[in-house]
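If you read the sequences in order, they're chains P and G. Mapped onto this note's numbering, the consecutive letters of the first sequence carry residue numbers 1 to 371. Mapped onto this note's numbering, the consecutive letters of the second sequence carry residue numbers 1 to 371.
Since the hints were derived computationally from the structure, they do not count as laboratory data. Treat the numbers as computed from the prediction; the structure is a model and nothing was measured. Worth double-checking, as some hints may not be accurate.
Said to hold, decoys possible - Beta-carbon label-pair distances, calculated as ranges:
hint: 1; chain 1: G; residue 1: G148; chain 2: P; residue 2: R121; range: 22 to 30 Å
hint: 2; chain 1: P; residue 1: P280; chain 2: G; residue 2: G235; range: 31 to 39 Å
hint: 3; chain 1: G; residue 1: T110; chain 2: P; residue 2: S109; range: 43 to 51 Å
hint: 4; chain 1: G; residue 1: D259; chain 2: P; residue 2: D83; range: 29 to 37 Å
What the hints assert, rightly or not - Residues from chain P shown here face chain G by an in silico Cβ test under 8 Å; the list is partial:
hint: 5; residue: G146
hint: 6; residue: R149
hint: 7; residue: S150
hint: 8; residue: T273
hint: 9; residue: L371
Glycine included, C-beta positions come from ideal geometry on N, C-alpha and C.
Residues per chain are reported as follows:
2 protein chains.
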Amino acid sequence: MTPWPAAQPGDTIDRIDTPALILDLDIFERNLQRLANAVKGRDVRLRPHAKSHKCPEIALRQIALGAAGICCQKVSEAAPFIDAGITDILITNQVVGTQKIDRLMHLASTAKIGVLVDHVRQVDDMAAAAMSVGVALDIYIEVDVGAGRSGVPPGRDAVALAALIASRPPLRFAGLHCYQGSAQHMRSPQDRQQAIARAAAMAQATKDEIESAGMKVEIITGAGTGTLVHERDSGVYNELQPGSYIFMDRDYADNQRGDGDVAFEHALFVKTTVMSRPAPGRAVVDAGLKASSVDSGMPVVWGRNDVRYLKASDEHGVLATDDAMTPALGDQLMLVPGHCDPTVNLYDHLVCVRRGIVEALWPIAARGAVL
Amino acid sequence: MTPWPAAQPGDTIDRIDTPALILDLDIFERNLQRLANAVKGRDVRLRPHAKSHKCPEIALRQIALGAAGICCQKVSEAAPFIDAGITDILITNQVVGTQKIDRLMHLASTAKIGVLVDHVRQVDDMAAAAMSVGVALDIYIEVDVGAGRSGVPPGRDAVALAALIASRPPLRFAGLHCYQGSAQHMRSPQDRQQAIARAAAMAQATKDEIESAGMKVEIITGAGTGTLVHERDSGVYNELQPGSYIFMDRDYADNQRGDGDVAFEHALFVKTTVMSRPAPGRAVVDAGLKASSVDSGMPVVWGRNDVRYLKASDEHGVLATDDAMTPALGDQLMLVPGHCDPTVNLYDHLVCVRRGIVEALWPIAARGAVL
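Next comes chain P alone, as it looks inside the complex (with noise of 0.2 Å):
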């Protein structure tokens, strides 16, 4: 509830107040190309993840350019998507509890919408309250496929699993839900690649024995920005769910790029300005860490190798500089935030520039929708 905004469209790029979330529209518009690109003539759809973003202008953009509905990671975080008339959500979590899995059904009776599963009581829950609310819910089976966080292990498990989703007539076996999180972050392409082809083999391997046993496994999903070249070539995965593609971070910059690794470029920076120049070699910024999020390690200062983000308070960061007067008391410095999506849920607007204007602030719509 930030009671003034930081700029104006119209504005020029000096003019913005700090710290404010700047979204390079030229960049952003390249980043969205690119992944549509990257999956153009394939046998993959796109499916992005709107966690990253939580922003329904950002969605409709995806969407324009073919993706086949988003993922959310809560109920909440759905809702103001479906609001703006995203008709086809993936909620790639578990929902456990009395009161979320009415709000599910309530979002159920509006749009196309999906969830995860990985125990029995879930699907009991879920078929349950589908039915007594007359809705039709696609049921995805989360498989660890080496992440080692939620889902049940490859094989056996999931085919008893999807036997019963498919007794529950008003649940659908949709498919499998095999992101590998773990990969994504990864520095070296080969050991990013090796993971996704285990993870690749053991989702095949869940599928095949699901149909053996009779049952159509329609979708695998799974897959992020920083291995999504791996699953949309295993001939497994046939749908891709990347979210921080559309604006990169310092963690993903971090990855060393494989030969086949599609481009991305930093599209997202928090705008900053030097409130203090305290001593020789340190400067201070009014971005802390609740401006940009250090969950992932320090921002990096954009484009200025004389200056190290070192640490960060509240609303506090200490840079230090190799000279004594740059940057200067009232100078204005572009971070390249440490993991984009905590950052973004930090602010109510992206403020976005063109060519040094600022052409709209985009609600963040669905910031702080935990439930």
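Since the structure of chain P is provided, determine the placement of chain G on it from the hints.
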């Protein structure tokens, strides 16, 4: 912009959807009272830091218990408190940039506003703006008393700056801001005491130099939850700025308590639900790093020594469990956040609970106010 609230007044605690930010009102009120008692009859006043709570309902209760005013960390953060009737706010930061100074002057025309400086140019800019708008402004010199962040060194730089401020009539030289932030989380009580003894000596010496030059240093302000008894007892500080004491967090609880320290209790929790139980020894909850900030380390699971919160991704928290069966799928747990300030900044409301019943939802009105 959560599309719906986690609870309604009158709900029992088990009905609160998750993740949700819970304030235990009985404990919160005890913490409020403990701080008021800690300064009773002493020549030290309270100006609690509102960056921790961003919530006018809480600021009004702090004022009602005797606080002289509040601190804010940003100009935009102050606005909703002024709207709620708070009339005395110290912005504990440098304010740099035309847009931000314009906003500051607007606030100063409706409330008593103080602000920090550590550079001549900030004084010049502030004086010019205050003159042109016709408002008075309290100016505090930030002195670096050991934190190594912003601030002038103790001694003669502060004297020169005080003289400059005193020569600019719309500005009023109010005192010294001597916050030793890096002492707050020193684990040993002796280390904290010694750090504040050094800070107080630097503050006193700087005051003496300025007063020798014929200017009055009315206020020496600083202190946080980790050290406030030492500033209180220093004979140097006459205003204390603790913020986290109302909530307490895991990072503060990790401090060893010294003999004279005030026994604040955890009043802030993130309620979460086990949404996946994928393997023996592993549970996954629905509160990840968008529900509990991890900049100061992982949260802890309240009252459960058999469960450890290992790692967080956006909307998942992975727990290691001693037992293969408990906590079970669907179980509700309470987390104590690693760092309260940025955790509060993720939510739109505090769900205020008393003896198991939701009593109120308090808007976190300054959430996201980074400008």
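ask   = Where does the structure disagree with the numbered hints, that is, which hint numbers, in rising order?
value = Violated hints (numbers, rising): 1, 4 and 5; every other hint is consistent with the structure.
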